[in-house]
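Chains as they are written, first to last, in our numbering: chain A, 6 to 376; chain B, 6 to 376; chain C, 6 to 376; chain D, 6 to 376.
Among the hints, a few may not be true.
A pair counts as met if it fits within one copy or between any two copies, since identical chains are not told apart.
Keeping only pairs whose Cα atoms sit at most 30 Å apart, straight-line, the calculated DSS-like set for lysine-lysine is [claimed, not checked]:
(1) Lys314 with Lys207
(2) Lys161 with Lys306
(3) Lys16 with Lys314
(4) Lys207 with Lys161
(5) Lys55 with Lys306
(6) Lys306 with Lys207
(7) Lys314 with Lys55
(8) Lys306 with Lys368
(9) Lys368 with Lys55
(10) Lys374 with Lys314
(11) Lys16 with Lys374
(12) Lys55 with Lys207
(13) Lys314 with Lys368
(14) Lys161 with Lys374
(15) Lys55 with Lys374
(16) Lys161 with Lys368
(17) Lys16 with Lys207
(18) Lys306 with Lys16
(19) Lys368 with Lys207
No wet-lab data here; the hints were simulated from the structure.
These numbers come from a predicted model, not from an experiment.
4 protein chains.
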Amino acid sequence: MTIRSNRKTIKPRARDLGIPFDGTPGSLNAITDVAGVEVGHSTIIRREGKLVVGRGPVRTGVTAIVPRGRRDAAAIFAGYFALNGNGEMTGTAWIEESGLLTTPIMITNTHSVGVVRDAVIGWQVRNRLMSQPWSLPVVAETYDGLLNDIDGFHVKAEHAWEALDGARRGRVAEGCVGGGTGMIGYGWKGGIGTASRRLDRKSGGYTIGILVQLNCGRPSELTIAGVPVGHELGPDRDPFASQELGSIIIVAATDAPLMPHQLKRIARRLTIGLARTGSTSGNGSGDLFIAFSTANAPSKKHTDFENVKMLRNSRMDPLFAAAVQATEEAIVNALVAAETMTGINSYRVEALRHDRLRDVLSKYRRLDKSR
Amino acid sequence: MTIRSNRKTIKPRARDLGIPFDGTPGSLNAITDVAGVEVGHSTIIRREGKLVVGRGPVRTGVTAIVPRGRRDAAAIFAGYFALNGNGEMTGTAWIEESGLLTTPIMITNTHSVGVVRDAVIGWQVRNRLMSQPWSLPVVAETYDGLLNDIDGFHVKAEHAWEALDGARRGRVAEGCVGGGTGMIGYGWKGGIGTASRRLDRKSGGYTIGILVQLNCGRPSELTIAGVPVGHELGPDRDPFASQELGSIIIVAATDAPLMPHQLKRIARRLTIGLARTGSTSGNGSGDLFIAFSTANAPSKKHTDFENVKMLRNSRMDPLFAAAVQATEEAIVNALVAAETMTGINSYRVEALRHDRLRDVLSKYRRLDKSR
Amino acid sequence: MTIRSNRKTIKPRARDLGIPFDGTPGSLNAITDVAGVEVGHSTIIRREGKLVVGRGPVRTGVTAIVPRGRRDAAAIFAGYFALNGNGEMTGTAWIEESGLLTTPIMITNTHSVGVVRDAVIGWQVRNRLMSQPWSLPVVAETYDGLLNDIDGFHVKAEHAWEALDGARRGRVAEGCVGGGTGMIGYGWKGGIGTASRRLDRKSGGYTIGILVQLNCGRPSELTIAGVPVGHELGPDRDPFASQELGSIIIVAATDAPLMPHQLKRIARRLTIGLARTGSTSGNGSGDLFIAFSTANAPSKKHTDFENVKMLRNSRMDPLFAAAVQATEEAIVNALVAAETMTGINSYRVEALRHDRLRDVLSKYRRLDKSR
Amino acid sequence: MTIRSNRKTIKPRARDLGIPFDGTPGSLNAITDVAGVEVGHSTIIRREGKLVVGRGPVRTGVTAIVPRGRRDAAAIFAGYFALNGNGEMTGTAWIEESGLLTTPIMITNTHSVGVVRDAVIGWQVRNRLMSQPWSLPVVAETYDGLLNDIDGFHVKAEHAWEALDGARRGRVAEGCVGGGTGMIGYGWKGGIGTASRRLDRKSGGYTIGILVQLNCGRPSELTIAGVPVGHELGPDRDPFASQELGSIIIVAATDAPLMPHQLKRIARRLTIGLARTGSTSGNGSGDLFIAFSTANAPSKKHTDFENVKMLRNSRMDPLFAAAVQATEEAIVNALVAAETMTGINSYRVEALRHDRLRDVLSKYRRLDKSR
């Protein structure tokens with residue numbers, strides 16, 4: 006059986022290496038610190054060697070982010086932003102129009118968005134989670150065709166269902182799992198990363214969590230804690246990796262009571278977190294961001310209107326900073342968690358070596374040596 | 006065999022009934038009047054009677070609009086507008102970002118967008134029509150669940166391929182065909198409609214063609230040639246149909262040399278054509294529009310830049326008017342072409358009766374009796 | 006004294022002529038039917054004859070729409086849409102970002118937007134109506150340079166203040182007043198028009214009011230109650246008027262508790278009301294729309310969040326229809342109220358003759374003869 | 006006489022201090038490295054001491070960026086992006102609609118946008134630079150009310166004309182000049198900054214230039230060359246400055262032949278340059294960006310269409326990186342050039358001390374000691 010999901014790991018995370026980050030994380034330092042949020046992965050790894058389209062090798066998967074748990078079909082507020090639209094996130098027209106997210110958020114590879122999308126509808130129908138007769142699922146992607154037989158269409162409805170049914174609170178597996186299995190970041194092995202920030206009481210005590218599927222960035226651009234890591238760790242190591250074939254999907258969750266237009270404000274600022282890791286959002290990089298709030302779940306009553314809480318705009322600054330900080334850390338977490346992988350035609354992508362990273366940070370006096 | 010496609014018909018069209026429209030149509034009065042544009046349908050009609058999800062009855066399909074013919078994978082300029090985002094059109098983030106349409110445009114039912122999307126990629130790979138390693142197809146939808154077993158997922162990749170491979174220049178089948186098979190417009194049987202306008206030489210001699218998948222509108226709203234047809238043809242006839250469960254997809258094609266931002270101007274004005282038929286774009290109606298230009302196909306040379314022609318903004322007024330006129334006529338053509346259909350649970354939707362429509366227009370002195 | 010404002014009139018309005026409109030208006034059939042909304046005009050008419058830039062003739066003015074009365078500086082929810090951006094509406098970046106309207110809405114001529122904008126700030130400072138240290142006023146415009154010495158910059162801060170200080174509930178002067186003084190609609194004399202709709206109790210009993218500054222449309226396009234009035238009342242009568250030099254500003258007010266993204270939905274649909282009068286939104290026509298809700302005024306308490314009511318999206322259809330209907334009627338009201346005017350270089354624009362309009366409607370059996 | 010403009014300076018710039026930046030600047034390292042671009046300032050500094058609204062002290066001004074020189078009224082392509090819309094940039098609806106910039110770009114204080122806007126029209130009329138009967142100038146702002154009597158409305162039409170008539174190629178004065186006179190950046194004295202990048206021949210040899218009016222950022226956020234300068238240079242020094250009352254306007258000019266949608270791509274990425282200096286785009290910060298291309302000036306012939314060159318999207322990456330790099334440097338240039346200023350009520354804002362900045366960079370081994 007080649008499908009593995011929700012692998013538990015005890016690997017160090019970015020801050021365990023002594024990388025300094027601003028702000029205070031939640032207890033898991035993960036998107037699941039936002040109460041209700043569940044994450045599930047379906048990881049598909051099959052065969053080695055030469056690419057035979059339709060047979061593999063396969064290095065791909067599906068990640069599901071379920072905002073308020075698998076049994077709660079509540080429509081919640083959401084907002085969307087495309088920093089660079091060279092990618093796909095289905096369902097955004099409805100988010101823009103209604104301000105509402107009415108399905109889980111799925112992330113997979115570029116050529117499997119369709120199968121996952123329809124599979125979500127099938128799953129909603131089967132589990133009686135349709136709030137209206139039709140559904141417009143949110144499915145995003147990045148391109149894993151350097152490591153994966155992407156034109157072989159190996160993701161099936163069952164993989165989407167595995168990710169959905171396996172979604173859990175608690176720790177989130179990072180690196181080469183789920184939709185992130187075959188991804189590459191800044192020339193190193195990338196994938197799934199997550200982080201969170203908890204605001205102090207004065208700022209409302211809200212939590213904001215981030216999950217990224219990291220597949221973007223040119224090697225020379227990589228910046229960690231302000232340090233030009235990409236420049237230090239040698240020139241672009243690979244003709245393929247030096248092209249921007251990648252993308253990044255960033256999902257932000259919060260329990261702060263934000264309206265749709267305020268969630269768009271959050272989504273727009275995720276750019277800043279990405280920027281801190283060095284990307285200049287190249288032409289080929291589909292950089293699509295979504296933010297949702299688990300607050301303000303609709304009442305079950307069939308009234309004409311809802312009573313909702315709205316955080317004042319003037320109180321949003323700590324959330325903006327927290328979203329930026331957690332995005333930066335989630336991206337670095339993805340790089341730190343990912344392991345070297347060999348894929349189609351024995352193409353091999355190295356993991357970012359922790360010791361070398363620490364050396365570079367130390368050189369620039371940015372290593373927190375208490376770690 | 007239950008799949009029928011590209012049915013040739015000799016049915017009267019809207020203007021054959023004496024309905025007056027402004028402007029001068031192209032020779033076919035169809036989107037295929039724009040040189041290069043090909044249209045194909047895959048129509049799926051199977052079983053009668055009680056709904057058994059997964060078995061039918063089936064009343065659905067797929068329509069393909071291929072901008073420059075099936076063998077030309079050229080990226081062409083396009084623009085997008087969401088009047089009401091309660092629907093799906095994949096691939097729009099890339100159109101907004103790049104200004105380019107790089108795939109055919111597909112239209113199907115709401116729950117089959119995914120299968121059609123991935124099928125387009127498979128078709129592109131097989132036919133060597135990928136201009137880069139990944140593809141972000143444009144697939145739109147409206148909801149046919151009143152007549153069709155939509156949760157049975159009867160559309161398969163083969164149907165998308167049939168529509169693509171069957172795409173042809175020339176006459177376009179209208180009414181209950183392709184993606185429009187199970188659709189409803191203003192309470193009457195709806196579906197696919199098309200029309201075109203040709204500008205006079207002084208205005209550049211350009212052609213603009215429209216294709217709609219009509220599934221929107223409350224019965225009482227229906228307006229044709231300014232006449233309140235909906236009010237005249239009785240009260241809302243059906244509790245289901247009186248709700249806005251529908252949507253409309255409008256595709257505009259032109260050979261005028263328009264830039265992406267100018268095509269967005271065209272797309273935005275398609276609202277006006279829809280408005281002429283009475284819709285107020287209800288909450289449930291996903292009204293998504295796309296416009297593309299077949300001019301300015303990229304050179305094959307791998308130069309750093311393209312030489313493109315751009316129509317001056319100050320010369321666009323005739324195109325705006327033509328787009329509005331052709332949209333209005335395409336919608337009425339869909340109603341005039343569609344035939345009474347019985348679907349799931351013997352639910353029956355009547356065709357708009359031509360004689361009654363003529364009577365109403367005549368009453369308001371809007372019937373062109375030379376027809 | 007050449008400044009006249011808030012002229013009381015007993016002229017017939019569009020429905021007094023027997024023109025049929027859908028829906029039920031509020032008691033005044035004006036934007037001021039929305040409780041709290043005040044409107045004021047400053048009308049500047051000076052000199053006759055040959056244009057001497059800086060001396061006149063002057064045919065211009067300023068209109069102020071004050072959402073919750075002149076003493077209430079509350080920030081309220083608003084949304085914005087540009088059908089055709091060949092115009093100016095200042096302050097929209099902040100509306101898009103914050104969802105909030107924090108100033109009155111002013112309408113004037115194209116070359117006086119600046120003076121009116123800064124004058125609003127001066128008025129806010131003087132009246133202690135600044136909710137923060139800076140202000141970003143909303144000022145829109147249309148072009149009156151066919152009748153008015155627009156390059157003479159005759160609008161002064163005092164005119165903006167006169168419109169603001171004169172803002173009142175109750176009847177709203179229409180036609181050649183305020184910002185609408187020198188405007189032209191469909192080749193006839195245009196200007197300010199207003200109308201409203203009140204929903205029945207089942208639909209929430211909300212009111213929606215519209216105010217337009219009508220300056221757009223080619224003569225041949227004019228459509229009233231579905232009747233091709235422009236075609237019937239002769240060919241384009243004037244080489245100047247046949248060009249689209251005009252624009253239309255549409256302001257929608259409602260007491261329905263709508264969120265910013267829902268007000269954008271309303272704003273987008275104002276296109277449909279405009280479409281009913283025949284415009285195809287020509288290149289030269291700056292068609293800019295804004296919608297605001299007087300519900301959900303912020304509490305005075307300095308809490309971190311607001312408790313707000315939000316109408317469900319699924320309950321918005323009656324508001325969509327009402328907004329469309331009132332926009333259509335407000336435009337026709339502007340034409341019906343406006344009087345023939347002679348401006349610079351003795352250029353003369355005729356009022357739409359009521360008797361001829363009635364004749365045309367009667368010919369097409371669209372005249373309500375009970376009027 | 007209190008108006009000073011276009012002051013020549015021999016002050017060191019950021020890279021003269023040894024701050025490392027990526028990329029290769031143009032010969033002036035200024036927006037004027039883009040051929041044709043002219044910049045002019047009008048600086049208004051008057052009185053000391055206690056604020057008397059209407060009398061001063063005055064610390065403000067106007068900056069003019071003229072894309073192709075004062076005698077060339079050509080409409081050129083442009084694109085716009087609002088990272089945070091708590092600000093004003095007039096004229097953007099027309100840029101979004103037409104893709105065209107048809108006026109100079111002006112920057113001033115928040116409460117003087119109006120007077121500058123109308124003054125531009127007056128200047129265009131007087132200099133016969135109107136390409137159509139009306140004009141929709143682009144005027145942006147940031148808030149200088151901590152140092153300047155902003156409610157005194159000291160900017161007059163004459164100041165706008167001084168900036169326009171004084172616009173020149175060549176070196177650009179930075180710091181406390183023009184619109185930047187009274188601005189604050191990251192708690193230090195801010196103002197105008199500029200920088201440029203020239204691409205190598207392989208990348209097309211294009212130039213991109215940036216000009217910023219820097220008034221944003223919390224002190225603790227300030228980051229230079231990846232170094233946490235804000236953290237190092239002590240806690241927030243000032244209760245006023247620690248609030249985000251500021252904003253930033255970023256103007257990008259290039260000679261690369263970019264279409265309007267491509268210039269929006271550039272504008273969107275200016276966020277990344279800002280991010281490199283530490284801002285998280287707080288609620289109060291109106292962060293509005295505009296990009297234009299001096300290529301593709303329209304022909305004088307009255308043909309129906311233009312022949313334009315368009316850089317391929319796949320060739321844009323070097324421009325994206327260059328825009329980011331030049332934005333980062335322009336912001337630091339503004340801080341390095343600005344001098345300590347005392348304004349209303351003797352409020353004093355310190356200049357960033359060059360020696361302390363060098364010390365901090367040296368500590369983190371980011372100082373280029375060859376400088």
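Taking the hints in turn, this is what the structure says about them:
1. In this homomeric assembly, Lys314 and Lys207 come within 30 Å of each other (Cα to Cα) both inside a single copy, at 18 Å, and across copies, at 26 Å.
2. In the homo-oligomer, the alpha carbons of Lys161 and Lys306 never lie at most 30 Å apart, since the shortest distance is 37 Å inside one protomer and 39 Å across protomers.
3. For a Cα distance limit of 30 Å, the shortest separation of Lys16 from Lys314 qualifies neither inside one copy, at 39 Å, nor across copies, at 47 Å.
4. Within a single copy, Lys207 and Lys161 get their C-alpha atoms no closer than 47 Å, and across copies no closer than 44 Å, so neither meets the 30 Å cut-off.
5. For the homomeric pair Lys55 and Lys306, neither the shortest alpha-carbon distance inside one copy (58 Å) nor that between copies (32 Å) is at most 30 Å.
6. For the identical chains of this complex, Lys306 and Lys207 are inter-copy neighbours only, at 17 Å across copies versus 33 Å inside a copy, given an alpha-carbon limit of 30 Å.
7. With identical chains, the CA atoms of Lys314 and Lys55 are never at most 30 Å apart, being 56 Å at best within one copy and 42 Å at best between copies.
8. In this assembly of identical chains, Lys306 and Lys368 lie within 30 Å of each other by CA distance neither inside one copy nor across copies; the values are 60 Å within and 47 Å between.
9. In the homo-oligomer, the alpha carbons of Lys368 and Lys55 never lie at most 30 Å apart, since the shortest distance is 41 Å inside one protomer and 50 Å across protomers.
10. Proximity of Lys374 and Lys314 under a CA criterion of 30 Å is satisfied in neither setting, with 43 Å inside one chain copy and 51 Å between copies.
11. In this assembly of identical chains, Lys16 and Lys374 lie within 30 Å of each other by CA distance solely inside one copy; the values are 18 Å within and 40 Å between copies.
12. Neither within a single protomer nor between protomers do Lys55 and Lys207 lie at most 30 Å apart by alpha-carbon distance, with minima of 58 Å and 35 Å respectively.
13. When the C-alpha separation of Lys314 and Lys368 is checked against a cutoff of 30 Å, the pair qualifies neither within a copy, at 48 Å, nor between copies, at 47 Å.
14. For the homomeric pair Lys161 and Lys374, neither the shortest alpha-carbon distance inside one copy (46 Å) nor that between copies (58 Å) is at most 30 Å.
15. When the C-alpha separation of Lys55 and Lys374 is checked against a cutoff of 30 Å, the pair qualifies neither within a copy, at 44 Å, nor between copies, at 51 Å.
16. When the C-alpha separation of Lys161 and Lys368 is checked against a cutoff of 30 Å, the pair qualifies neither within a copy, at 47 Å, nor between copies, at 54 Å.
17. In the homo-oligomer, the alpha carbons of Lys16 and Lys207 never lie at most 30 Å apart, since the shortest distance is 34 Å inside one protomer and 43 Å across protomers.
18. Taking the shortest Cα distances, Lys306 and Lys16 never come within 30 Å of each other, neither inside one copy (46 Å) nor across copies (48 Å).
19. In this assembly of identical chains, the alpha carbons of Lys368 and Lys207 never lie at most 30 Å apart, being 37 Å within a copy and 34 Å across copies at closest.
Consistency note: the structure conflicts with the earlier hints numbered 2, 3, 4, 5, 7, 8, 9, 10, 12, 13, 14, 15, 16, 17, 18, 19.
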